[in-house]
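J.: The chain contents come next:
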Amino acid sequence: MIQVTRRWCLLAIAGAPIVLGITAQALSVRVDDHFLRVTAPDLDFLIGGPLERLKDGKTVPYIAQLSVLSGKERILQGRSIARFAFSYDIWAERYKVTLLTPLMEHPPTGKNLTRELAQAWCLEQLKIDLASVPADKPIFVRLEMRSEDPKDREGIVGQPGISLSAMIALFSRPVKDKEVHAVREVSLNLADLRKTRL
Amino acid sequence: MAAAVLLTLYMKLFGVRASSYLAALLSCFVATQIAAGQGFLAREVAAEANANTRYIIEAVQITGESGLKLSRSLQSAFQQLVGTHFDPSQLDQIAREMRKELHLKSVTPHLLRGSQQDMVLIDFEVHRKSIVFDVTLPKFLYHSKQGWSAEGTASTTIARTNRFSFGLVSDGGTLAERYAGSAAVYENTHVGTDRVHLSFEFDQLHEQWNRATTLALSSNPKDPQTYRDRRNFQPSVSLMLARSFVLQAGASFQQMQMQPSSFFSATPLSADRGSSLIQAANALFANLRFHRQFESALQTQDVAVDYDIRSASHALRSDYTYTRHRWDAAYSLTRGNQTIQDDFTAGFISGQAPFFERFVVGTSSLLRGWNRFEIDPLGGTRLVHNSVTYRYRLPLFTGQVFYDAGSLWHGNGDSGVRHSLGVGVSRSIFTLAVAFPLREGRVDPVFMVGMNY
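Protein sequences appear in the order of chains A and B.
In terms of the numbering used here, the first sequence has 80 at position 80, counting the first letter as 1, and numbering is strictly consecutive.
In terms of the numbering used here, the second sequence has 74 at position 74, counting the first letter as 1, and numbering is strictly consecutive.
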């Protein structure tokens, strides 16, 4: 039986946030054919101001960025950026997500989704070609999900199509009040990931 | 567009040939159109992405604040929403317009479930600013015979109901004299109820007299004296009697600094008036306004009637004793792009009134085209005027033709009926007009350009 001493209590209290933090940062990475994909079951980005806007019947855009970095300097090896339009059906109480792309007449859309499924559907659209990922050294896989402030939309959509540079620049800006910027990151080795898959 | 302008500037500076310039301009235009087209596509996708666009709007409501006065265009936009499919971008546009027009702190459109499946309600949640600061230019006019007239006002509203405003004015076209000065007003827009307003106004004005007026005055010693400064303190209360009726009543305490040079006139007002440098024109006044709009699918009719009475007596410690009546009636009918409007004005003064109460024609709104100093440089005590205006709305501007007829006289005289014709163009509140007096001899047109005149 473990003896609960004063020192043990202090260590438990001090260590709790670290353990919780690691749990909260969980990001599952998998190899799917020639692509690297992620899932984040605990990631809930439909919250705060964007959720309020959704419940008001608005279309709320989110920008997602999945990136692979390597080395101490965190050199970018590969990136996948996508813009999504969320809406909430006030009668069906379900979400609809559309991958916004100017190149497709009928963009991929997820309909009648619960909150969890809508968020998972988004992450499913992000993938990085394995050819751009170094196989022999540790990498960092980073997922960023950011709600788009209605005032930022002009700069992104106003240019011909959707401006990729404006979307990248958006991630470097500070997050405005009530906006959501969720980040998950995990360190791994592609070779180990492939072994796990086998 | 900005790209085209910059390119134009660049080519002008570096002397690029005209053909290259035209080709570049054309390519800029095409690029702009393509960009606009793609922007439109993006908006379309955004609208399609919304799960609620299949629902029909059942009703539109405003919550959060009361007593908001919606403009005709906003009311029409609300009406057009009902029965259509929900479109989030359309709501954002209306919310922006509401915020701008009504000077609101925030307008948030909410989507609510309707009374039955597939129907939705739009709720605009609005919040007023606790302190509103506004600067307006109610009048700005250049008249080729009378020069510039302008009025600017800065106002602030504190705690929703307390409005303080300060204005500067220089007006050479409304009264017999040109006046310039300042006005400070406090208004409480909720005295127990939104239907009762209380206001206190203080004006400090300096007057300038036209040479024609001073010359006419020297040959008419019975007319009132000229003054160089005027102060006015005016408390009043306004009652919204019904949706279309407003009654305003109050008192006006005017103090005039008389011009010493005009002391030769022997006015039979009071025994010591001839030697007094300060004179008072204290009056009680009342004003009843009616304004109503009748809209149907084909046409819109607008009716406005205004009656104003001011009465000064010795009981109010006034040096002048008089009663002034003024009637204004306006009717307009709009059908499609065409509008026909009739404005009628009549006035009557009994007793001896100071110059600022007298009627004047040959201004920017009455007998346009005539020179008012030619008609009567001292102003009149009787007035009848009618104006008919026809407007045709074109895509870029509105064209107008007007015909004015009127007469100004004193109790014992008759100045005859005068006529004038004019044409003009207007866009929004800006108008450019030229008017001609209809008379024998030379044609001497008057040009007017400005806003809200």
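To be clear, the hints were calculated from the coordinates, so they are not data collected in a lab.
Check each hint, because a few of them may be wrong.
Lysine to aspartate or glutamate pairs mimicking DMTMM-like chemistry, simulated, CA-CA at most 20 Å apart [what the hints assert, rightly or not]:
hint : chain 1 : residue 1 : chain 2 : residue 2
1    : A       : 55        : A       : 105
2    : B       : 105       : A       : 56
3    : A       : 55        : B       : 123
Per label pair, the in silico range of CB-to-CB distance [as the list claims (entries may be wrong)]:
hint : chain 1 : residue 1 : chain 2 : residue 2 : range
4    : B       : 429       : A       : 129       : 58 to 68 Å
5    : B       : 449       : A       : 108       : 53 to 63 Å
6    : B       : 71        : A       : 49        : 23 to 33 Å
7    : A       : 107       : B       : 129       : 47 to 57 Å
8    : A       : 132       : B       : 429       : 34 to 44 Å
9    : B       : 155       : A       : 49        : 30 to 40 Å
Predicted, not measured: the structure shown is a model, and the values here were computed from it.
The C-beta atom is built at its ideal place from N, Cα and C for all residues, glycine as well.
J.: Checked against the structure, which of the hints given earlier come out wrong?
T.: Hints 1, 7 and 8 not satisfied by this model.
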